[in-house]
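Now for the letters of each chain:
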Amino acid sequence: MRAKPYHRIRGDIGLGDLAKALVELNLSETTHLHMAFNALGFEGPAYSHQGKPKIAAESRLRKHKRPLKRDQKIEPRFSLPPTPETSIQPSGGILESTLTQLPLAPPSNDQPDWLQQPEPDITKTNGVFRQRLFSRNHSNGILKASLAVRRPGRRLNIQKIIAQAITGNPITKIPHLPVGSIENGVDLLCDYSESMQPFYPDLTDLKTSLLDILGKGRHRSFEYDTNPVEAISWNAQDKAIEWGPISGRPVLLATDFGQAKGRPYKRLQFREWRKFVNRITKHNTPLIVLSPMPPSSLPRWLRQETKIIHWDPRTRAGAVSKIIGIGHTIE
Amino acid sequence: MDYKPKKFDLPQDGVHVKGKGTDHPPYVFSNKIAIAVDVALATDRPLLVSGPPGSGKSSLAPVMADILQWRYLHEVFTSRTRLEDLTGDPDQLRRLNDAQVKDGTPLPERWAYLEPGILWWAFDQQSAELRGQNKTVIASLKRQLGEKYHDPSNPSSGNEINNVVILLDEIDKADPDLPNDLLEPLDKKRFNVPQGPEVKALKGQNILVIITTNEERELPPAFLRRCINLRLSEPSEAQLVKISDYHYPKVSKILRRNIATKIREQSENAKELDLRPPSTSEYLDAIEACKTLKIKTSSPEWEHLAQAAFIKEEIDLEG
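Chains A and B, in that order, give the protein sequences. In this text, residue positions in the first sequence follow the numbering used here: the first is 3, and each later residue adds one. In this text, residue positions in the second sequence follow the numbering used here: the first is -14, and each later residue adds one.
So here's chain A without its partners, still in its complex pose:
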């Protein structure tokens, strides 16, 4: 292996890497080329070294687009009249023209051809834009701050060391400053009651975000209607599994507690809430609530002893850290 030049700063894999691979490996077989392209994160072209290169049919380069043949039909996305075959070349000057009123065409039952074409498939159109409750840029930071659990970090707690050293006794265990860690994972309990309907897509986004951050092994999702004690999930065999707290694993409740305005939605009762909180406390499980309603609008008995994070696009990780601190303390 020949010696390489001294290393310099490089960025993402790009055309330079592709060029290096093509030259140094001298790949000729199409399948091998495809594999090399895929390894680098590119779509491979379908071309051969023999004769003229054949451009891939799916090439996005404009000059590679072949003109349509006469008998090829255009399948429009929407029903539109066909484009005329001849194009009018501008003369370069201002043309004099007059509008002449033509006589009305006689009524006819014949419909033009373009009206006969099938209606567009609306399922393939883009959905209406929806603002997420937590933006993609901030969601991971907010969730990590919400779920962090305190544990000793790498940095030494100098003050504690000095305090111990002053006593004159040997230090048997070095104290470290705490850090927040998400290694305990999370149990996500999603409220799918009627008042939460506008936020169903956000519940899905939340599950996806947690899966991305924590992975399958450290994340469980459950669903309930109004009362979180009754949260369940389903396994691969469609069997219902009741939620039960795991000691030390934070519980994230995504709910509005039925407090949405406008209709008399079914609301969580005080007794049911206390039962849930007692169960959580008994298992030494931190509880965090994500509420699309502003915390100040929630009843006092819901806010007591509960860390509530406003599920809102303006919420940031810094604000969550002020509520949670470095992380939840597990005793």
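What the hints contain is simulated information worked out from the structure, not anything from laboratory work. Any given hint might turn out to be false.
Claimed, not checked - DSSO-like cross-link-like pairs, simulated, lysine-lysine; straight-line CA separation at most 30 Å: (1) B/188 with A/22; (2) B/185 with B/235; (3) A/162 with B/133; (4) A/241 with B/256; (5) B/188 with B/-8; (6) B/256 with A/209; (7) A/241 with B/247; (8) B/235 with B/247; (9) A/218 with B/-8.
What the hints assert, rightly or not - Among chain A residues calculated to face chain B with C-beta under 10 Å, some are: (10) 12; (11) 13; (12) 19; (13) 180; (14) 199; (15) 216; (16) 219.
Computed from a prediction, not measured in an experiment: that's the story for all the values here. Think of the CB as a built atom: it goes at the ideal place given N, C-alpha and C, for glycine as much as any other residue.
Let chain A serve as the given structure and place chain B on it in line with the hints.
Then chain B, alone, in the frame of chain A:
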């Protein structure tokens, strides 16, 4: 396999049998694997290997070290792995203990307590041995401390002194921020050790970094964009039989083929039940068991084995 690698040598059948002094099992290369490794070597980019358990992700690195005759270093990630574990970190507890010993031995300076991580060993082995100091300083300290001088232990195995294969195993288990923390040392081939020296890879050094993931967690896009991707699939029946040709050449090929068929059936069954499918290890274990217990395809025990399927739920046992 019809691809002949340009950056390393492989037998025509694509199977690398272990070299002297190594402990890894035979490794069956496919075109995809060989090309991905070639691309990683040609572009000097880390190779990110993903795939189901038992597909050969972690075995690839020691095999490549054996083929290339380079040094080999590896680190298995946990949720507590930090960048400092890979670069270098002072052993504070040992320093504190030494500070409390009142036998007149002078307390060495802070640098003497640095424990080099595998990236330090990989980039500059000599600097790691000397903890970033020069030989004169180390010799003086050794004279001063005598037996109490603590030599950092070199975790490398293998041959060629500078070129190295590094395995960073199960990166998806690490803290979500760690992959991005790794970008700079892997990209620039240099880093600063906390309270220590700057470490740079030697000029002309060849480094192959292989990173594995079980895909349990998403990795940051910035990290993915700087890695060569190789996704391994479960070995096919034919590949399983080929692997067993090297492990158990004397065991009946019909039996090995039948076990391979059974393993593939169990794999499909496991996927339906959302369970972990059996891997190459289970396949080889089954052959070993049949060999030791003298079970053949004509044996009555084979009939029972052939009918075994994963149990759906414990409750099903109770009917």
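Legend entry - Hint numbers contradicted by this structure: As far as the earlier hints go, 2, 9, 13, 14 are violated by this structure, in ascending order.
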